[in-house]
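Undergrad: In case you want the letters, here they are:
Number of protein chains: 2
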Amino acid sequence: MSVLIVTATYKNYLCNLILCTHMKAEIIAIGDELLTGQTVDTNSAWIATELNRAGIEVTGISAIPDRAARIIRILENAIRRSQLVLITGGLGPTSDDITKKTLCEFFGTRLVRNQSVLDNISQLLGRRGVALNAANISQADVPESCMVLMNKMGTAPGMWFEKDGAVIVSVPGVPYEMKHIVSDHVIPELQKRGIVTEIIHRNIMTYGLPEAQLAEKLTGFEARLPGEIKLAYLPSSGVIKLRLTARCDDAGKALNLLDQQTAILKATIPELIFAEYEASLEEVIGKELSDRAMTFATAESCTGGNISRLITSVPGSSAYFLGSVTAYSNSIKKTLLGVKEKTINNYGAVSVECAGEMAEGIRILTGCDISVATTGIAGPSGATPGKPVGTVCIAVSSDGGTHSGQFVFGTDRLLNIRRFSIAALDMLRRQIISH
Amino acid sequence: MSVLIVTATYKNYLCNLILCTHMKAEIIAIGDELLTGQTVDTNSAWIATELNRAGIEVTGISAIPDRAARIIRILENAIRRSQLVLITGGLGPTSDDITKKTLCEFFGTRLVRNQSVLDNISQLLGRRGVALNAANISQADVPESCMVLMNKMGTAPGMWFEKDGAVIVSVPGVPYEMKHIVSDHVIPELQKRGIVTEIIHRNIMTYGLPEAQLAEKLTGFEARLPGEIKLAYLPSSGVIKLRLTARCDDAGKALNLLDQQTAILKATIPELIFAEYEASLEEVIGKELSDRAMTFATAESCTGGNISRLITSVPGSSAYFLGSVTAYSNSIKKTLLGVKEKTINNYGAVSVECAGEMAEGIRILTGCDISVATTGIAGPSGATPGKPVGTVCIAVSSDGGTHSGQFVFGTDRLLNIRRFSIAALDMLRRQIISH
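The listed protein sequences correspond, in order, to chains A and B.
Each residue of the first sequence is one higher than the one before, counting from 1 in the numbering used here.
Each residue of the second sequence is one higher than the one before, counting from 1 in the numbering used here.
Pulled out of the complex, with its shape left as it was, chain A reads as follows:
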């Protein structure tokens, strides 16, 4: 790790700041609401993404209550380990927000009225037609030793401190205010100081093998990865995102290494990869349908509209999606989709035969080019001999014929609905790209 000395001149003071080319950062989120579970801390993941993109490694994220002693103890530890500490929250005008007072104590400074901040607050509240009160005015009091990071989106300013070779930044917890200050002030200030290590991620989306089986298949690939590249498995409802992370001194080398390893990965598991970038199956399907000017419709039983919902979650889906029928009752399967009475009698509603007739039925009904149908048992009840909860039959129909399959997943209803839907989308995608 190389170390350089940066001399930074600010409006109010001059200091010598030691920064590392491979900077380590910690994020501290302050607020009782995080510890009671009332608020999910989405800020820290957003900040972590931005810092990583800027080449800064985040080594820890903490959430602590609005207690001065806790804030001081965690700051003392953090600046020993890290060159950057980013604090969110506790800057509101109410009495439970104590961050600013506590930072004064930690940095041995005092609050002083800042006219620019006061002007900004007057302007913001004026626009909303709100009169300034004492609580608002107190938000213009800032620690004397900090550099103010102006908040154009709200009344609490960001604050930049330096101590013992570390940068400590405090920003509000309101997500859009925090994002504005981090993007428009914190990252540019850090970039000015010449941080150069590049961390670049590449995501490869797979479906078709569970994590352990995929990992087994990739044992050799992983063992032969160059030292600068790490592989992570990020599974979600059957889809596994493979993330390659390159950590290099220069971005060009990192991108080259990622290109090489992505090519090897593609050659190793070509049949499992559905995208070489972060994408959902429904997005990839939308793109493949658009590329082929094909239209699509779906007939759902056990997935209850979820496939339709996923497809229509993609902006522009009306260009290729005609519609769907959720045939929850057998009578709808027969009257609307034309499933034959004897198919249900002979094979049951949960059968590849029924799924096939549903897929053909919706294709005829809507006049679409390709369709997918599902029928199964999401649970908790509905199991029959030989067909446990978790069974799903899926069929895809197009002018190339009707393909179907039967799968068994788990026992949890909501999870089954998700897994069934993803399995159906994958079968659909494979049939689309064969066109």
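Worth double-checking, as some hints may not be accurate.
Each pair may be met inside one copy or between any two copies, as identical chains are not told apart.
Claimed, not checked - Heads up, simulated DSS-like pairs for lysine-lysine below, C-alpha to C-alpha not over 30 Å straight-line:
hint: 1; residue 1: K334; residue 2: K230
hint: 2; residue 1: K179; residue 2: K241
hint: 3; residue 1: K101; residue 2: K24
hint: 4; residue 1: K241; residue 2: K101
hint: 5; residue 1: K192; residue 2: K24
hint: 6; residue 1: K192; residue 2: K340
hint: 7; residue 1: K387; residue 2: K179
hint: 8; residue 1: K230; residue 2: K192
hint: 9; residue 1: K253; residue 2: K163
hint: 10; residue 1: K241; residue 2: K266
hint: 11; residue 1: K387; residue 2: K152
hint: 12; residue 1: K179; residue 2: K152
hint: 13; residue 1: K230; residue 2: K101
hint: 14; residue 1: K101; residue 2: K192
hint: 15; residue 1: K241; residue 2: K334
hint: 16; residue 1: K253; residue 2: K340
hint: 17; residue 1: K217; residue 2: K152
hint: 18; residue 1: K230; residue 2: K387
hint: 19; residue 1: K340; residue 2: K152
hint: 20; residue 1: K334; residue 2: K287
hint: 21; residue 1: K101; residue 2: K152
hint: 22; residue 1: K241; residue 2: K163
hint: 23; residue 1: K217; residue 2: K163
FYI, nobody ran anything at the bench for these hints, they're computed from the structure.
Mind docking chain B on chain A? Use the hints.
TA: Same frame as chain A, now just chain B:
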């Protein structure tokens, strides 16, 4: 803080465990993906909510990378401060998951094969038709000194350790596996050890007013709340959960106070409350339909199947839900649902007239007792003069007639789809209970 000694007997060992009636807990989330920002840590907020509900105060939440040294250091500190440490993540079968190995090091124990865990893994994978490989089998190796918390939803078991008067529990990071183990094993084990629950929550579900307006309406109610009761607003897609929290020495008094305040709340906003317990609109609708032996179907355009998905997410919905049509294209609206050409020409597809014909059409098509239909502009494109993105027309049809309304929400596609669906469910619920 009073302290009591609990003697706990397990299958394999006997220990004296010191627990506090006011227990402090910390949550540690392990995984590089949390520190790169690729994954938002939603687990910790969920766990914090559950622990708070059980009367346990969460004093810190941390996210750290998959590094043995960091895991050990944070555990050393955590057990000095807290009586309960809950660790999530890092239990997958792949080489980047090192939690189990590190826990062995921390507790001075070794991995031993656990036959019950192996049986569970075989069963889970067997159901999915997947053959066991070495990585799967290795998940049955658990630290010798731990009590295994069986994971019925996945292959990685939870683990319960005790050291220096603290309980340390490790659970997988996959949210539904984590939730299962915490709810079904961790909380019951803690309850067995006599932690006195002093915090009781009551949830009252509302729809119909935004948060600020609801808060204004409840200003007087809030001001007159007894000191032991706190009110919180928990909004989500238009539904606002009002949570009354009682903090008392005795549960009987807490329940009495909650009953009293709930009655006052009901008298204050009777038209907004749809449940006096934690419930979704789709669950309440299911109950109301079942109570009246009514059947239901839906015709969706802009909500794209989401209403159908929400309704079928409720176990047992096949008793009242017949099915749905997602009529994304106008031709499906006309051919399947019988919307008149001239209705679309005169009023547009996004109109209360079209919604009304869609609701009547699906009722005729399926023979259901009551139906709901949506047509709107989820965005980002599709706005027309006088109908901005975020516009939705909703109609409910039954033998009592067809009722419709037009609403305007925001500009975000996914959020609009959720808001449209919730608005439709609320209109449906009001019509059902008038029957």
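Undergrad: Next, verify each hint and record whether it holds.
TA: Evaluation of the provided hints:
1. Taking CA atoms no more than 30 Å apart as the test, K334 paired with K230 passes in neither setting, with 52 Å inside one copy and 54 Å between copies.
2. In the homo-oligomer, the alpha carbons of K179 and K241 lie at most 30 Å apart both inside one protomer (21 Å) and across protomers (22 Å), since each shortest distance falls under that limit.
3. In the homo-oligomer, the alpha carbons of K101 and K24 lie at most 30 Å apart both inside one protomer (26 Å) and across protomers (26 Å), since each shortest distance falls under that limit.
4. With identical chains, the CA atoms of K241 and K101 are at most 30 Å apart between copies only, with a shortest distance of 24 Å across copies and 42 Å within one.
5. Proximity of K192 and K24 under a CA criterion of 30 Å is satisfied intra-copy only: 17 Å inside one chain copy versus 43 Å between copies.
6. When the C-alpha separation of K192 and K340 is checked against a cutoff of 30 Å, the pair qualifies neither within a copy, at 64 Å, nor between copies, at 55 Å.
7. Only between protomers do K387 and K179 lie at most 30 Å apart by alpha-carbon distance; the minimum there is 27 Å, versus 43 Å within a single protomer.
8. In the homo-oligomer, the alpha carbons of K230 and K192 lie at most 30 Å apart inside one protomer (28 Å), although the nearest pairing across protomers, at 43 Å, exceeds that limit.
9. In this assembly of identical chains, K253 and K163 lie within 30 Å of each other by CA distance neither inside one copy nor across copies; the values are 34 Å within and 47 Å between.
10. In this assembly of identical chains, K241 and K266 lie within 30 Å of each other by CA distance solely inside one copy; the values are 13 Å within and 47 Å between copies.
11. Within a single copy, K387 and K152 get their C-alpha atoms only as close as 50 Å, which misses the 30 Å cut-off; across copies the closest is 19 Å, which meets it.
12. Proximity of K179 to K152 under the C-alpha cut-off of 30 Å is restricted to the intra-copy arrangement: shortest distance 11 Å within a copy versus 40 Å between copies.
13. In this assembly of identical chains, K230 and K101 lie within 30 Å of each other by CA distance solely across copies; the values are 20 Å between and 42 Å within a copy.
14. In this assembly of identical chains, K101 and K192 lie within 30 Å of each other by CA distance solely inside one copy; the values are 29 Å within and 42 Å between copies.
15. In the homo-oligomer, the alpha carbons of K241 and K334 never lie at most 30 Å apart, since the shortest distance is 39 Å inside one protomer and 41 Å across protomers.
16. In this homomeric assembly, K253 and K340 never come within 30 Å of each other (Cα to Cα): the closest approach is 61 Å inside a single copy and 62 Å across copies.
17. Taking the closest pair of Cα atoms, K217 and K152 come within 30 Å of each other only across two copies (26 Å); inside a single copy the shortest separation is 46 Å, beyond that limit.
18. For a Cα distance limit of 30 Å, the shortest separation of K230 from K387 qualifies neither inside one copy, at 42 Å, nor across copies, at 49 Å.
19. Taking identical chains as interchangeable, the C-alpha atoms of K340 and K152 are never at most 30 Å apart, the minima being 52 Å within one chain and 38 Å between chains.
20. For a Cα distance limit of 30 Å, the shortest separation of K334 from K287 across copies, 27 Å, qualifies, whereas the shortest one inside one copy, 32 Å, does not.
21. Proximity of K101 to K152 under the C-alpha cut-off of 30 Å is restricted to the intra-copy arrangement: shortest distance 22 Å within a copy versus 48 Å between copies.
22. Taking the closest pair of Cα atoms, K241 and K163 never come within 30 Å of each other, the shortest separation being 39 Å inside a single copy and 37 Å across copies.
23. Proximity of K217 to K163 under the C-alpha cut-off of 30 Å is found in neither arrangement, the shortest distances being 49 Å within a copy and 39 Å between copies.
Figure legend: structure checked against the earlier numbered hints; hints not met, in rising order: 1, 6, 9, 15, 16, 18, 19, 22, 23.
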